[in-house]
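S.K.: Chains as they are written, first to last, in my numbering: chain A, 1 to 250; chain B, 1 to 296; chain C, 1 to 290.
Hints in this document: simulated from the structure, not taken from any laboratory. Predicted model, so just to flag it, every value in this text is computed and none were measured. One or more hints might be untrue.
So, partial list: chain B residues that the calculated Cβ filter (under 7 Å) puts toward chain C [unchecked claim]:
1) Thr8
2) Glu10
3) Leu12
4) Leu17
5) Ser24
6) Ile31
7) Leu32
8) Val123
9) Ile248
10) Ser252
11) Asp255
DSS-like cross-link-like pairs, simulated, lysine-lysine; straight-line CA separation at most 30 Å [what the hints assert, rightly or not]:
12) B/Lys195 / A/Lys109
13) C/Lys104 / B/Lys11
14) A/Lys75 / A/Lys184
15) C/Lys104 / B/Lys7
16) B/Lys289 / B/Lys176
17) A/Lys137 / A/Lys92
18) C/Lys17 / A/Lys75
19) B/Lys176 / B/Lys103
20) A/Lys61 / B/Lys9
21) C/Lys104 / B/Lys289
22) A/Lys193 / A/Lys3
23) B/Lys289 / A/Lys61
24) A/Lys137 / A/Lys125
25) B/Lys110 / C/Lys166
26) A/Lys109 / C/Lys104
27) B/Lys7 / A/Lys109
28) A/Lys75 / C/Lys64
29) C/Lys183 / A/Lys98
30) A/Lys92 / C/Lys170
31) A/Lys184 / C/Lys170
32) A/Lys92 / A/Lys125
33) A/Lys98 / A/Lys70
34) C/Lys170 / A/Lys16
35) A/Lys70 / B/Lys7
36) B/Lys7 / A/Lys116
37) B/Lys195 / B/Lys64
38) C/Lys104 / B/Lys288
39) A/Lys184 / A/Lys109
40) B/Lys7 / C/Lys102
Here a beta-carbon is modelled for each residue, glycine too, at the ideal position from N, C-alpha and C.
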Amino acid sequence: MTKLTAENIDVYYGSKRVIHDASLSIESNTVTAFIGPSGCGKSTFLRCINRMNDYIEDFRKTGVIRIDGKNIYDKDVIVEDLRKRVGMVFQKPNPFPKSIYENVVYGLKIQGVRQKSQLDEIAEKSLIQAALWNEVKDELSKSALSLSGGQQQRLCIARALAVDPTILLMDEPASALDPISTAKIEELIYQLKENLTIIIVTHNMQQAARVSDKTAFFYLGDLIEFDQTKKIFTNPNKELTQNYITGRFG
Amino acid sequence: MLLKGIKTKEKLIETFLLACAAVSVLTSIGILWVLFTESMIFFRHVSIVEFLTGTEWTPLFAEKKFGILPLVSGTVLTSLIAIAVALPLGLTIAIYINEYAPKSFRRIVKPVLEILAVVPTVVYGYFALMVVTPFLQKWIPGMSGFNALSPGIVMGIMIIPFISSLSEDALFAVPKSLREASYGLGATKFQTSFKVLLPAASSGIIMSVILAISRAVGETMIVAIAAGQQPRLTANPLVPIETITTFIVQVSLGDVVQGSLEYQTIFAAGIALFVLTFALNNLSFWMKKRLQEKYE
Amino acid sequence: MSKLSKSNSSTSMMMDKMFRYFGLACTFFALMILAFFLIKLLSEGASRIDWTFLSSFPSRSPEKAGIIVPLVGSFYILALTLVIAIPLGVFSGVYLEEYGRKSKLNALIEINIANLAGVPSIIYGLLALEIFVRWLGLGKSLLAGALTLSLLILPVIIVATREALKAVPKTIREASYALGGTKWQTILHQVLPAASGGILTGVILAMSRAIGESAPLIVIGAMLYISSLPSTPLDDFSVLPIQIFNWLSRPQPGFIINASAAIIILLVIILILNGLAIYLRNRWQKKVNW
Numbered sequence: 001m002t003k004l005t006a007e008n009i010d011v012y013y014g015s016k017r018v019i020h021d022a023s024l025s026i027e028s029n030t031v032t033a034f035i036g037p038s039g040c041g042k043s044t045f046l047r048c049i050n051r052m053n054d055y056i057e058d059f060r061k062t063g064v065i066r067i068d069g070k071n072i073y074d075k076d077v078i079v080e081d082l083r084k085r086v087g088m089v090f091q092k093p094n095p096f097p098k099s100i101y102e103n104v105v106y107g108l109k110i111q112g113v114r115q116k117s118q119l120d121e122i123a124e125k126s127l128i129q130a131a132l133w134n135e136v137k138d139e140l141s142k143s144a145l146s147l148s149g150g151q152q153q154r155l156c157i158a159r160a161l162a163v164d165p166t167i168l169l170m171d172e173p174a175s176a177l178d179p180i181s182t183a184k185i186e187e188l189i190y191q192l193k194e195n196l197t198i199i200i201v202t203h204n205m206q207q208a209a210r211v212s213d214k215t216a217f218f219y220l221g222d223l224i225e226f227d228q229t230k231k232i233f234t235n236p237n238k239e240l241t242q243n244y245i246t247g248r249f250g
Numbered sequence: 001m002l003l004k005g006i007k008t009k010e011k012l013i014e015t016f017l018l019a020c021a022a023v024s025v026l027t028s029i030g031i032l033w034v035l036f037t038e039s040m041i042f043f044r045h046v047s048i049v050e051f052l053t054g055t056e057w058t059p060l061f062a063e064k065k066f067g068i069l070p071l072v073s074g075t076v077l078t079s080l081i082a083i084a085v086a087l088p089l090g091l092t093i094a095i096y097i098n099e100y101a102p103k104s105f106r107r108i109v110k111p112v113l114e115i116l117a118v119v120p121t122v123v124y125g126y127f128a129l130m131v132v133t134p135f136l137q138k139w140i141p142g143m144s145g146f147n148a149l150s151p152g153i154v155m156g157i158m159i160i161p162f163i164s165s166l167s168e169d170a171l172f173a174v175p176k177s178l179r180e181a182s183y184g185l186g187a188t189k190f191q192t193s194f195k196v197l198l199p200a201a202s203s204g205i206i207m208s209v210i211l212a213i214s215r216a217v218g219e220t221m222i223v224a225i226a227a228g229q230q231p232r233l234t235a236n237p238l239v240p241i242e243t244i245t246t247f248i249v250q251v252s253l254g255d256v257v258q259g260s261l262e263y264q265t266i267f268a269a270g271i272a273l274f275v276l277t278f279a280l281n282n283l284s285f286w287m288k289k290r291l292q293e294k295y296e
Numbered sequence: 001m002s003k004l005s006k007s008n009s010s011t012s013m014m015m016d017k018m019f020r021y022f023g024l025a026c027t028f029f030a031l032m033i034l035a036f037f038l039i040k041l042l043s044e045g046a047s048r049i050d051w052t053f054l055s056s057f058p059s060r061s062p063e064k065a066g067i068i069v070p071l072v073g074s075f076y077i078l079a080l081t082l083v084i085a086i087p088l089g090v091f092s093g094v095y096l097e098e099y100g101r102k103s104k105l106n107a108l109i110e111i112n113i114a115n116l117a118g119v120p121s122i123i124y125g126l127l128a129l130e131i132f133v134r135w136l137g138l139g140k141s142l143l144a145g146a147l148t149l150s151l152l153i154l155p156v157i158i159v160a161t162r163e164a165l166k167a168v169p170k171t172i173r174e175a176s177y178a179l180g181g182t183k184w185q186t187i188l189h190q191v192l193p194a195a196s197g198g199i200l201t202g203v204i205l206a207m208s209r210a211i212g213e214s215a216p217l218i219v220i221g222a223m224l225y226i227s228s229l230p231s232t233p234l235d236d237f238s239v240l241p242i243q244i245f246n247w248l249s250r251p252q253p254g255f256i257i258n259a260s261a262a263i264i265i266l267l268v269i270i271l272i273l274n275g276l277a278i279y280l281r282n283r284w285q286k287k288v289n290w
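Put together the whole structure using the sequences plus the hints.
M.R.: Written as structure tokens, this is what we have:
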């Protein structure tokens with residue numbers, strides 16, 4: 001079932017065009033990787049999906065992005081609601097300077113969920129989903145900043161999961177982490193896709209090859225190729241893709 | 001959540017916050033309006049020419065004279081003395097901290113010097129009256145108990161951090177390359193500081209001096225306690241004088257009927273004071289802008 | 001430059017060395033003078049301080065006079081000022097830092113605040129005299145005094161708030177938005193709490209400034225001689241610095257001793273406030289280690 005479609009997306013910062021005519025379609029419960037060299041537009045494209053680019057002053061977009069058939073840039077769309085259905089994990093872990101518990105339940109509290117039993121239940125569930133529960137279950141009131149980098153990132157994932165999104169956007173989630181934490185996160189992605197649609201931006205091609213079902217290759221603002229991951233990495237259609245995969249540049 | 005609900009609530013909050021920020025604008029408007037309207041009434045009774053050029057200020061006497069020059073001269077005299085104290089000391093300290101002292105010294109001493117600026121001005125007034133004046137009287141014959149020299153010196157001490165901190169910042173901002181060029185040619189720290197760094201940091205230093213003068217001009221309590229209440233057009237620092245600020249305090253302490261001419265004189269004095277400090281402050285802002293443009 | 005290329009004579013080396021000592025001397029001179037003043041102060045007034053002094057009412061005779069009335073007045077006016085100035089200042093700072101785009105209005109407000117910070121305090125007194133005392137009919141009350149002081153310290157609180165808000169990393173706000181938080185929710189639940197240490201420090205510094213102010217309060221008519229404790233915000237009042245000023249204007253040496261003692265009390269209060277500010281700032285910086 002199609003979860004997200006992007007049709008002829010152009011993105012401008014002022015008069016500078018950073019994404020040119022990108023179109024793709026993503027199925028539910030799949031993992032899609034966006035790859036490409038630095039500055040190719042993959043993060044920008046990702047941020048269009050939860051409208052985080054709205055905060056950039058001279059951001060302009062043409063084209064349509066639909067989630068479950070609905071244009072997310074429609075006038076009657078409440079962007080705060082959108083972000084409850086489309087979660088995001090950032091490159092550098094950014095937990096709030098509060099306790100682990102407070103971090104996880106923040107998204108719920110701002111929606112008006114107050115009952116402690118409910119909050120506790122969802123917090124536990126999210127931390128289990130993020131494979132962090134066993135490590136922190138006895139220290140939920142400890143400061144989130146006392147956790148290691150890898151744990152902080154899993155906390156951020158738990159925090160995003162707590163609001164029960166259907167899509168999870170991950171912007172280079174493991175690039176600031178050590179190899180062991182990275183492996184844990186990748187395993188997590190594999191488990192999460194059972195319930196979520198995941199889009200992950202990564203500059204690590206092996207990672208893309210390991211975790212994703214489909215891969216989109218961006219280069220200088222153009223979506224060069226979008227296909228099954230296996231195909232992209234073994235027998236791509238475009239020569240540019242082939243050159244990037246084999247490390248000729250990037 | 002309803003669409004209208006969130007958007008309206010957020011917009012309301014933003015408007016409320018803007019209203020808070022606007023209070024500061026209202027304050028400025030208020031100051032200008034108050035000074036202006038009361039002064040306008042004043043100037044209907046007193047000619048502006050007499051006000052600006054008259055050399056006698058006796059609004060509370062039977063024979064009223066409204067020349068503000070004596071008050072201005074009192075203000076200028078005390079401020080000049082203050083700067084004469086603060087400038088050499090402040091600048092020397094700035095150069096020393098910047099070029100000679102180790103980094104740890106800077107970290108400790110700079111905030112400690114700021115203490116000078118935090119002491120309440122009544123306390124400084126006390127020092128001027130009870131410590132400095134008696135001390136000076138021992139050495140200077142003919143020095144009266146109320147004078148301009150004592151509060152001037154104490155004000156100078158108070159404003160040292162204005163000059164030392166800001167000048168030090170200005171010296172700190174001079175590019176390393178200039179320093180290296182000078183030292184590379186075999187210059188001493190003294191030569192580098194005075195021939196290269198001071199000229200390069202001059203806008204910043206001048207800005208700090210202007211701000212310090214502005215602070216001295218607006219100072220009230222030190223002069224109210226130690227300078228006396230005798231308006232006098234003079235350059236003699238050993239006799240009692242009165243500043244613009246002291247006059248306002250003097251009237252406020254007395255039994256002055258609201259709406260009377262005497263009442264309006266404090267606003268006329270106020271507007272003179274405001275014009276002086278406003279001009280000085282904006283001059284320094286302009287210098288700061290020039291400094292920033294220089295290093296862009 | 002040709003002057004520098006001559007090899008340095010011994011005079012230049014000597015000048016350099018002399019200046020080094022001169023500079024050090026100047027730095028310490030300023031502080032030594034202050035220390036000297038304080039020693040003199042303590043020798044004059046320390047012995048006068050006891051519970052009787054702290055709790056006595058004003059009197060024509062210096063031995064009987066005490067500072068309870070202005071002391072209480074200072075605390076009341078400080079409390080009132082905080083109630084007014086903190087919300088006003090923090091909300092203004094939040095608006096300017098979080099909502100203000102590079103609009104002309106914002107630039108205007110910023111220049112305005114910079115100017116207000118440089119206006120002599122006595123001019124605030126004139127403003128308050130017309131607007132609060134006359135126009136609003138508040139008379140020379142605690143409330144009028146508190147409003148005056150609030151306007152005076154407002155720029156300090158606004159600037160402190162902005163600096164504290166600036167120090168909160170963008171990523172914290174992003175995380176909140178990404179979870180569906182609105183702008184105000186993000187500010188209220190994440191940004192302000194994270195900035196609270198810096199804001200508190202600024203507030204305490206503003207307080208220690210306010211408690212030492214006398215000129216604007218004299219202008220609005222704060223009493224030099226008041227014999228009863230204020231009980232409502234509309235009562236007449238006096239504050240510690242004004243009482244000091246009053247005693248300094250009297251000829252009797254007994255009053256000078258009283259003034260010295262009162263100054264010591266005032267300085268102790270300010271010292272405690274500033275110490276508190278430094279302590280809180282250090283604790284906050286440890287807690288929030290980005």
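S.K.: Please go over all the hints and tell whether each is borne out by the structure.
M.R.: The hints, checked one at a time:
1. The beta carbon of B/Thr8 is not positioned within 7 Å of any beta carbon in chain C (closest approach about 12 Å), and the interface hint is therefore violated.
2. Given hint, B/Glu10 at the interface with chain C, holds; its Cβ is 6 Å from that chain's nearest Cβ, closer than 7 Å.
3. For the restraint placing B/Leu12 at the interface with chain C, the shortest Cβ-Cβ distance is roughly 10 Å, beyond the 7 Å limit, so the hint is violated.
4. For B/Leu17, the shortest C-beta to C-beta distance to chain C is roughly 4 Å, which falls under 7 Å, so the interface hint holds.
5. Because the beta carbon of B/Ser24 sits about 5 Å from the nearest beta carbon in chain C, less than 7 Å, this interface hint is met.
6. Interface hint at B/Ile31: satisfied, since its Cβ lies 5 Å from the closest Cβ of chain C, which is below the 7 Å cut-off.
7. This hint is violated: B/Leu32 has a C-beta 9 Å from the nearest C-beta of chain C, more than the 7 Å allowed.
8. The beta carbon of B/Val123 comes within 5 Å of a beta carbon in chain C, closer than 7 Å, and the hint placing it at the interface holds.
9. With its C-beta approaching chain C no nearer than about 6 Å, B/Ile248 sits inside the 7 Å limit, and its interface hint holds.
10. Annotation: B/Ser252 was flagged as interfacial toward chain C, and the flag holds, the nearest CB pair being 5 Å apart, inside 7 Å.
11. The beta carbon of B/Asp255 is not positioned within 7 Å of any beta carbon in chain C (closest approach about 11 Å), and the interface hint is therefore violated.
12. Restraint check for B/Lys195 and A/Lys109: not satisfied, since their Cα atoms lie roughly 63 Å apart, outside the 30 Å limit.
13. About 19 Å separates the Cα atoms of C/Lys104 and B/Lys11, which keeps this hinted pair within 30 Å; it holds.
14. A distance of roughly 40 Å separates the Cα atoms of A/Lys75 and A/Lys184; the hinted pair therefore is violated under the 30 Å criterion.
15. Of the supplied pair hints, the one linking C/Lys104 and B/Lys7 holds, its CA atoms being roughly 24 Å apart against a limit of 30 Å.
16. A C-alpha spacing of about 21 Å is found between B/Lys289 and B/Lys176, which places the hinted pair at or below 30 Å, so the restraint holds.
17. Note on A/Lys137 and A/Lys92: the hinted pairing holds, with a Cα-Cα distance of about 23 Å set against a maximum of 30 Å.
18. In summary, the hint linking C/Lys17 to A/Lys75 is not supported, as the alpha carbons are separated by about 73 Å, beyond the 30 Å threshold.
19. A hinted pair counts as satisfied when its Cα atoms are at most 30 Å apart, and B/Lys176 with B/Lys103 qualifies at roughly 15 Å.
20. As the CA atoms of A/Lys61 and B/Lys9 are separated by approximately 27 Å, the hinted pair is consistent with the 30 Å bound.
21. Distance hint between C/Lys104 and B/Lys289 is fulfilled; the C-alpha atoms sit about 18 Å from each other, no more than 30 Å.
22. With a C-alpha separation of about 13 Å, the suggested pair A/Lys193 and A/Lys3 falls inside the 30 Å cut-off, and the hint holds.
23. In summary, the hint linking B/Lys289 to A/Lys61 is not supported, as the alpha carbons are separated by about 37 Å, beyond the 30 Å threshold.
24. Between A/Lys137 and A/Lys125 the CA atoms are separated by roughly 11 Å; this keeps the pair inside 30 Å, and the hint holds.
25. A hinted pair counts as satisfied when its Cα atoms are at most 30 Å apart, and B/Lys110 with C/Lys166 qualifies at roughly 23 Å.
26. Between A/Lys109 and C/Lys104, the direct Cα distance comes to roughly 36 Å. Violation of the 30 Å bound is thereby established for this hinted pair.
27. For the suggested pair B/Lys7 and A/Lys109, the alpha carbons sit about 19 Å apart, so the restraint of at most 30 Å is met.
28. Taken as a hint, the A/Lys75 and C/Lys64 pair is broken in the structure, with Cα atoms around 76 Å apart against an allowance of 30 Å.
29. About 19 Å separates the Cα atoms of C/Lys183 and A/Lys98, which keeps this hinted pair within 30 Å; it holds.
30. In summary, the hint linking A/Lys92 to C/Lys170 is supported, as the alpha carbons are separated by about 12 Å, within the 30 Å threshold.
31. Note on A/Lys184 and C/Lys170: the hinted pairing holds, with a Cα-Cα distance of about 27 Å set against a maximum of 30 Å.
32. Note on A/Lys92 and A/Lys125: the hinted pairing holds, with a Cα-Cα distance of about 24 Å set against a maximum of 30 Å.
33. For the suggested pair A/Lys98 and A/Lys70, the alpha carbons sit about 36 Å apart, so the restraint of at most 30 Å is broken.
34. Using a Cα cut-off of 30 Å, the hinted pair C/Lys170 and A/Lys16 holds, with the two alpha carbons roughly 24 Å apart.
35. With a CA separation close to 21 Å, the supplied pair A/Lys70 and B/Lys7 stays within the 30 Å bound.
36. With a C-alpha separation of about 28 Å, the suggested pair B/Lys7 and A/Lys116 falls inside the 30 Å cut-off, and the hint holds.
37. Pair hint B/Lys195 plus B/Lys64 does not hold up; C-alpha atoms about 53 Å apart against a cutoff of 30 Å.
38. Distance hint between C/Lys104 and B/Lys288 is fulfilled; the C-alpha atoms sit about 20 Å from each other, no more than 30 Å.
39. Between A/Lys184 and A/Lys109 the alpha-carbon distance is near 28 Å, which keeps this suggested pair within the 30 Å criterion.
40. Between B/Lys7 and C/Lys102, the direct Cα distance comes to roughly 22 Å. Compliance with the 30 Å bound is thereby established for this hinted pair.
Violated hints, listed in ascending order, are 1, 3, 7, 11, 12, 14, 18, 23, 26, 28, 33 and 37; each of the other numbered hints is respected by the structure.
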